[in-house]
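**Q** Here is how the chains run, residue by residue.
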Amino acid sequence: MSAAVLEMSPAATNPSASQDAVASLQQVTKRYKNGVTALDGLSMTLRRGEIVALLGPNGAGKSTAVKLMMGLSSPTSGAVSIFGADPRETTTRLRTGVMLQVGRAPEMLRVREHLNIFRGYYPNPMPYADIIKAAGLEGIEERMFGQLSGGQKQRVLFGIALAGDPDLLFLDEPTVGLDIEARRAMWSQIRALAARGKTVLLTTHYLEEADALAHRIIVINKGHIVCEGTPAEVKFMGSSNTAQASTKIIRCATTLSPELLSKIPGVTSVEPTTTLTIITTSQPEATLREMLALDQHLHSLEVQSPLLEDAFLALTSN
Amino acid sequence: MSTATYTLPAQRPSTLTIFLREIRYEVLRSLRTRAFSLSAIGFPIMFYVLFGLLMNRNENIAAGVSVAKYLLGGYAIFGSLGAAIFGIGVGVALDRSAGWLELKQASPMPPLAYLLSKCAMAMVFSLIIVSILTVLGIVAGHVHITPIEFLHIAVIAAIAAVPFSCLGLALAFSVPPASAGGIANLVYLPMSFLSGLWIPIKFLPHFLQTIAPIFPTYHLAQLMYGSLGAPSLGTLTSHITGILGFTAVMIGCAWIAFQRSEQNA
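For the record, the sequence lines run as chains A and B.
Last residue of the first sequence? That's 358 in my numbering, and every number before it is there in order.
Last residue of the second sequence? That's 291 in my numbering, and every number before it is there in order.
Bear in mind the hints are in silico, worked out from the structure with no lab data behind them.
For glycine and all other residues, C-beta sits at the position ideal for the given N, C-alpha and C.
One or more hints might be untrue.
Claimed, not checked - So the derived label-pair ranges between C-beta atoms look like this:
(1) B:Thr43 <-> A:Gln67: 38 to 44 Å
(2) B:Lys228 <-> A:Arg71: 30 to 36 Å
(3) A:Gly269 <-> B:Arg286: 47 to 53 Å
Claimed, not checked - Which residues of chain A face chain B? A partial, calculated answer using Cβ under 8 Å:
(4) Gly160
(5) Tyr168
(6) Pro312
(7) Thr313
Claimed, not checked - Take a look, some chain A residues computed to stay more than 12 Å from chain B by CB distance:
(8) Met110
(9) Thr132
(10) Thr136
(11) Lys173
(12) Leu177
(13) Leu218
(14) Ile220
(15) Ala225
(16) Leu328
(17) Val343
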């Protein structure tokens with residue numbers, strides 16, 4: 041026992057531990073041989089225990105950024121550092137887990153065999169039973185990978201990412217093909233990992249996922265960071281890009297004409313549909329007061345903040 | 027202090043353990059993949075039964091060496107080439123296009139474990155094929171083969187898997203994954219024919235006989251024929267040089283193709 045290393049949970053002993061940088065890209069530029077510049081002087085830092093969502097349209101540079109951090113590709117210029125070391129070092133890889141969009145894994149291996157192959161790479165793998173539970177693989181352990189449904193395959197790949205009980209987890213579109221129940225189960229697992237001090241970087245096309253899961257969202261486009269912040273901050277920045285920060289979207293059934301509605305103070309756009317009218321306004325209270333006064337029969341009223349989706353589109357358009 | 031957790035010093039799993047596990051599952055996976063295992067083993071057997079056992083019955087290629095015994099050596103090499111070129115050339119190309127190879131590369135697996143497991147798989151298939159061919163030859167072709175002769179041809183078949191695996195790797199990294207299967211056939215069949223695996227090389231046009239030594243299949247087949255007591259061409263040194271040279275060129279090609287694909291990844 042004297043050789044045993046005493047390891048205290050850093051989160052319990054050091055309240056400022058969440059500020060520790062786990063991974064960083066510093067002024068990273070990645071130019072491919074065909075002349076495409078995927079990343080252009082991009083810098084980002086991941087801290088201990090946080091869930092960061094990397095958002096961007098196709099070709100924005102998301103997967104290039106992830107590949108650089110996984111050590112699958114090297115930057116044209118700039119520095120990539122994971123746990124203060126080179127991502128290609130085996131010692132670094134022992135502390136990271138990866139879930140990639142995989143088109144086809146060896147089909148004639150059982151789920152149990154796949155997990156044990158990957159667990160075998162690590163000195164302190166996550167206990168087998170814990171992986172089964174975390175990835176929701178009960179009952180399909182003896183099945184061949186090729187016999188699984190798309191959602192089950194996705195969960196096996198999540199299990200493989202967890203195999204080494206990693207401190208840093210890269211998840212590329214983790215919930216593609218999952219039904220709502222399985223998606224929420226995976227979200228809660230990801231939250232539980234972050235609560236244990238693990239760092240998670242995920243890319244996703246589901247903005248709802250980034251909104252629900254991430255502590256921080258980094259929006260990138262054309263190799264640059266467009267904005268970064270909490271989901272609320274990103275929504276705020278997205279809306280302030282087009283109009284004012286207090287923008288709300290009003291939906292209701294009204295007899296008022298679009299011409300009249302667009303003259304009401306604060307209204308920035310009116311979009312009549314067959315049943316409802318959708319009004320975007322920068323002064324929701326004033327707009328509503330006016331509308332209710334003018335139309336006594338107004339009904340089916342709904343007031344919404346702009347969705348992250350709208351913010352995202354506003355931020356990445358042009 | 028009572029809440030502190032004890033962890034043993036991080037002791038990396040031994041590389042040998044990882045290699046052996048990777049090899050075991052790769053062999054298991056290939057055997058379970060019937061579309062591959064049945065054709066890799068079935069093809070050389072079908073050819074041998076047809077040309078070695080049904081046709082040319084009771085004919086001798088030289089004093090004391092029947093056609094059935096002679097072709098046993100050629101089809102063993104043919105089987106070894108098939109297992110490697112389809113198992114590795116096509117298998118690795120698919121792993122690459124599906125993103126599975128990247129997942130493996132991002133893991134702490136020693137990269138050599140992946141390559142060795144593929145090569146070991148080709149070796150296991152070579153040994154299975156040479157064993158089945160030998161049993162068929164003895165049972166159905168009246169082939170007389172001593173245990174020492176069998177040991178020789180089994181070792182040559184296993185060694186054959188190495189240059190063929192390197193050829194498979196070079197193929198996997200240099201051709202588009204979708205066309206890997208077609209290109210594998212374009213290499214597999216002409217190379218087998220031109221090296222005299224199907225019919226003795228002396229029956230080929232003179233020009234083709236002179237270019238045969240560039241193929242590892244030629245050298246391996248000559249070693250096979252020599253071991254079986256049949257007339258063979260060349261010297262042991264020339265065969266070893268030919269096999270090593272081809273292996274080195276293929277490793278070089280695979281390496282360059284791999285580097286190029288990495289840069290464009």
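**Q** Each hint should be assessed against the structure and marked as holding or not.
**A** Hints, one by one, checked against the model:
no.: 1; hint: B:Thr43 <-> A:Gln67: 38 to 44 Å; verdict: holds, 41 Å
no.: 2; hint: B:Lys228 <-> A:Arg71: 30 to 36 Å; verdict: violated, 56 Å
no.: 3; hint: A:Gly269 <-> B:Arg286: 47 to 53 Å; verdict: violated, 40 Å
no.: 4; hint: Gly160; verdict: holds, 5 Å
no.: 5; hint: Tyr168; verdict: violated, 14 Å
no.: 6; hint: Pro312; verdict: violated, 46 Å
no.: 7; hint: Thr313; verdict: violated, 42 Å
no.: 8; hint: Met110; verdict: violated, 5 Å
no.: 9; hint: Thr132; verdict: violated, 9 Å
no.: 10; hint: Thr136; verdict: violated, 8 Å
no.: 11; hint: Lys173; verdict: holds, 20 Å
no.: 12; hint: Leu177; verdict: holds, 17 Å
no.: 13; hint: Leu218; verdict: holds, 18 Å
no.: 14; hint: Ile220; verdict: holds, 26 Å
no.: 15; hint: Ala225; verdict: holds, 22 Å
no.: 16; hint: Leu328; verdict: holds, 50 Å
no.: 17; hint: Val343; verdict: holds, 44 Å
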